[in-house]
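K.L.:
Each chain is listed here by its residues.
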Amino acid sequence: MLSDQQRMLTRAAREVIDGQIVNLGIGLPTRLFHYLPDDMNVLVHSENGVLGCRPRQASEAPDIDMIDSGGAYITTRSGASVFDSATSFAMIRRSRVDVTFMGAFEVDQEGNLANWKIPGKFSPGIGGAMELAQKVARLVVLCSHNDKHGNPKILTRCQLPLTASRCISRIITEKAVMDVTPEGLEVVEIAEGLSVEALREATDAPLLIDESRLGRF
Amino acid sequence: MTLLNHKSCDIDAAIAEIPDGATIMVGGFGSPGTPFALLDALLASGQRNLTLIKNDANEPGIGIGKLIEAGRVKRLITSHLGLNRTAIDAMNAGEMEVIFHPQGLLAEKIRCAGVGHGGFLTDIGIGTEIAEGRQEISMEGCTWAIEPALQADVALIHAERADRYGNLIYRATASNFNPLMAMAAERVIAQTYRIDEPGDLPIDTIHTPCAFVSHVVQVARASSQQGVRPHAL
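If you read the sequences in order, they're chains A and B.
Residue numbering for the first sequence is 1 to 217, as defined by our numbering.
Residue numbering for the second sequence is 218 to 450, as defined by our numbering.
FYI, nobody ran anything at the bench for these hints, they're computed from the structure.
Treat the hints loosely; a few may be bogus.
[What the hints assert, rightly or not] Within a straight-line C-alpha distance of at most 30 Å, the following computed DSS-like cross-link-like pairs (lysine-lysine) qualify: (1) B:K283 to A:K117; (2) A:K117 to B:K291; (3) A:K148 to A:K117; (4) A:K121 to B:K291; (5) B:K283 to A:K121; (6) A:K148 to A:K121.
Chain A with its partners taken away, still in its complex shape (with noise of 0.2 Å):
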């Protein structure tokens, strides 16, 4: 039996095409490392300066010099590069990295995404989030589909500082995968076992649903 969260990383990692240049954020979305197969062409980007990060197995030494942005010690695989931080972030703000997964404290119906800052709460800077999801090819939110408390996190609008306008691809929680397209959040997966009523009960955003295509996961 799969947890929540090895359910989403396991979808998660349906996402990345062989070939790609991927980048992965901190927290959740940094575990798809173990869940891309070792042998395809996949590049992981890390803003602090690498193209085709491989996490460090237990058996080796760690290098002092080679962390990602997290700040875990890493590898690299074959093909990789190291660069300064200039050079990194005009991959990113040139939309070279084809698709980034990110964690989200909010996300709404028009792609909007809130994922730095929670005033009075918790503000330890935005990072290198803001040109990454303002610039990315492609946007996969990973999220809880609710916080802590069972609040809704899927918003009809964020309430919470933006850290990019329509800046999402798609959202993929443990209850749902959603596409955010023009008409609003198009439901095309929903978690096994869950009903339609279930899931719209917990999010606050409307949901396009049509359930003669809809997929399990």
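Model the placement of chain B on the given structure of chain A, informed by the hints.
P.N.:
Chain B in isolation, oriented as in the chain A frame:
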């Protein structure tokens, strides 16, 4: 600028030239590339009312974290404090002013100063909270925000290898902001594990040409061990 044959010097002599109130760029993203030995010398040397420019605030008890905890930092210009709880507390208590920039804009503002330009135009952050107070212009149908260049009195740099003239080579993800900052300050002090004679470094592997560098000081490799994160191992 320091003459080529006078760049290699003692760490305390180089740091002693920094005045109170100086604006200082500090290389590093997290621990890699942080000039720990130079920062320890700065702590010992006693300068106050410093403005620091660094991607992050290291972690409590290491790097610029020590200077912040000692009350020596008046202002910090940065992109993220996520790994340093004591820096966040100092900010929230009003003991240290913090100015945040998105990470890539921070890098580009420094790069811009380093190449001798006054600023650049960007569309990053337009319509968000970080755009408040920025001047915007319209050009060929697009809206751009003006980002001024960011320069400093001093840059503290970490390089893997150097030569006596101040040519620098960085290693792996210890590069990050170092090559940008090494061009953007009036006085550039680089620490390195090994200082070679001019001609010893392969010329096509040099990342920062010596023309930008004021001082090179040799430090023990062990000085960087304070940056090892046992919880990440």
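K.L.:
Which of the listed hints are broken here?
P.N.:
none
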